[in-house]
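The listed protein sequences derive, respectively, from chains A and B.
Start counting the first sequence at 1; every next residue gets the next number (the working numbering).
Start counting the second sequence at 1001; every next residue gets the next number (the working numbering).
Calculated from the structure, these hints are not laboratory results.
The structure displayed is predicted, hence computed values, not measured ones.
One or more of the hints may lead you astray.
Within a straight-line C-alpha distance of at most 30 Å, the following computed DSS-like cross-link-like pairs (lysine-lysine) qualify [to be verified]:
#1 Lys1125/B with Lys2/A
#2 Lys287/A with Lys1088/B
#3 Lys1007/B with Lys1056/B
#4 Lys1211/B with Lys103/A
#5 Lys1125/B with Lys66/A
#6 Lys1007/B with Lys103/A
With beta-carbon atoms standing in for the labels, derived distance ranges [claimed, not checked]:
#7 Gly355/A with Asn1096/B: 54 to 64 Å
#8 Leu377/A with Lys1088/B: 21 to 31 Å
#9 Ile1344/B with Glu383/A: 39 to 49 Å
#10 Leu192/A with Tyr1014/B: 30 to 40 Å
#11 Lys1095/B with Asn342/A: 36 to 46 Å
For glycine and all other residues, C-beta sits at the position ideal for the given N, C-alpha and C.
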Amino acid sequence: MKIKSLIYYALISSIFLFSLVSIWKILVTLQGVELKNFNFEIIITLGIAISLLNLIIGEKLNYLIKSTLFAFIFTFVDGFLFQVMPVWYNIGIFAILIFFSLKINKYSRKYLASEHSSQIVIFDFLTLFGIVLFSFVILFPFYMMLITSFKTQAALLINPLDFSINFKQDFKELFKSYFVIFDTYKFGRYILISTFVSVGTVIVTLLFAIPAAYAVARLNFFGKNFLSTSILIIYMFPAIVLVIPLYTVFSQLGLRNSVGGLLIVYTATTLPVAIYMLQGYFRSIPKELEEAAIMDKLNWFGIIIKIILPLSIPAISSVALYVFMIAWNEFLFSLMFLDNPNSFTLSRAIQYLSGDAETPRQYLMAGSVVVTIPVLLIFVYFEKYLVSGLTAGSVKG
Amino acid sequence: MSDTLSKIEKRTAYILILPAVFLVFSIILFPIFANVWISFKEVGLKDIRIPEPRAKKIVKSIKDNPDQLKIIYKLRNSSLILEIRNVKFQDKLPKNIKPINLDERCRVKSNKIYCDFGNWQAKYKENFQILLKSSDGKTINKKEIKTIKPKLSGKSDNILLNTNFTLKNFKKVFFQNEFFDLLSTTFYYTFFGTIGSIVFGILTAQLVNQKFFGRTFMRSVLLFPYVGPVVALAYTWELLLDPYSGTLNNLLMNFQVIQEPLNLLGQKYLTINFFGFDLKLRLALTTVIIFEIWRYFPLAFLFILARLQAVPKELYEAAEVDGAGPLQKFISITLPQIAAVISILFMIRFIWNFNKFEDIFLLTGGASGTRTLPINVYEQGFTISDIGMGSAVSIVIVALLLLFMFVYFKLIGKRADEN
């Protein structure tokens, strides 16, 4: 056994344990439990002790018994000797320790003697650490968004760290913020408008994009190469440089504050990427099918409808989902074009709500939950189809 | 035969692409060119409204005279700045009614009144009257007259269409707008945001490329910030980071990491004592960059993960046989394999971050040293209400973008030649 590997192993594993315990402590604190210290020294010492014990015991004990033993020792020292905590806190600590012990089980004296073992130990724990840390950092804001929407301003003023939710209270009390934003702030209407704009954008974009993509993929015409490269360059141009001219022209044409105007702009901004994605897919469809159709005297429109469309349902639906998500999340144009609360989209409505400093934050968060959930649901449910599109750069952001 | 076929093909192609090209041209390309035009003009937000001749119709009955009626038109020029030339007026009357003592500017032709009002100055107002008499002695139906709306037309200068050009906006952009401050803030934001998102993209891709329990779940979760609506995410962060009621500051103070709350989004500089040197950190800008990295590293993650999964396993196995450790494997196999993806990512992210508007706008509104060029477009155009200035800043952005693309394609082209 190399002494360098041993030190790396003991230190890094205990730091990993410390970070696990600290994240648990943060979550516990947010339930209103008073907890003032991460107890860095104690946890690190315990962690080093356990990881060394793990090496000493080795395989003399069954790994399950070993893990349970470690968990008991740690929970006892942490939960009874140094601080008095609720039972559920200790159950969490116990579970973390079981997980940790199972992870360090694979390290033995023999393992640490092998070549590159210190590097492998670092890489292993960095991986674990990364998974835990990234999941926490990514999910934490979403978690806070959700639980803030169930709290009241008064409760948060008393203890800004108490995000515990009282599930025993009345259903109407629990979901009060949601009732308020739907009753007082007309969020039902905004959901309808957002849905209408997004679905409308999907339909119009597909109507324009499918024929154009087919032409780019299959037909020969003058300027074809120029067109397909300019699609990508146009896609690179940002919305912010379009805003002022569009605002002036739309004002003069009376298209501002109209859902139709928004729909035109969304369609135009999503068209380049829709065409780009669809033409890539259309190219992969075997040409022979179309040649047979030409023999049957089908014209180009017939070919698109009878042959291309049925074969490219997956690509078309993934483009449709993207366009929907882009239109649903869009903010800049809705900020520019809409200033009448009767024609707000969800994003614009939330921004309008936040403009009033008096708006309690749980309403803002309830609104945010309402606008976020559909997108995340669509994303999780259709992830398989969407990931390949994301790598094609379909969501500009 | 084949000649006509290719002709038909060409024609069909044009028919198929025309709608899309037309729409993209009018909503994306036209505005980019329109920016050039507007940026050379002095136009404010209020100049955008086209002056319109307007008339409000009021119908009044005359006492003791049931077969007569008076219509008052409240005429006005809607603009406070511009005159309207050659105003024409037209209104319809019911069949049995004739006007009496008609104003000399007007004439009647088959139940319609036509008037030429000439030119109206800015703010012009007039109460114009017509007296009506029933020709068959019956009472006049007031409602019927009221429902008919008069038509007005006139010519006016559209400030946007005249040919008065000026260089004032560009002078202001470069000399009075703290231009270099703006530019450096934009570059900090863009550069560190890009580098950060790529570094975190590499780390997370490396993570998810290994086998572990819950890997697919992890992959979805990592993409949440990228697909979530920016409004919801920005406000959540704003609440988390709030100096007084925000969770982050409260947590840090609770665990005694800091003594005083940090105003992460509202403080321009934070002085850090670093081994006796006072370092000034641009706090709000750093926070905004961290948000940007948090939100956009998933794109880098996906690109790099897709590339990593295509790296042949034999390469790693061979390296292992040669006795390479994990670090060496990463440096001599993984990095060269993903280098091309990283350069593409750098370009995409650089361009998109350079143009990011929503994130900063929602988090700080451009205050406390986070004013970037896109934020400045909005401020000039809609806060200061100077459309011309806003366009001029847009032009600067487009010019810089074209420069980036040019440099990038030059570099890529060079590398392609070398290989």
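Next item on the list: Please write out, lowest number first, the hints stated earlier that are contradicted by the structure.
Entry: Hints 1, 2, 3, 5, 6, 8, 9 are the ones this structure does not satisfy, whereas the remaining hints hold.
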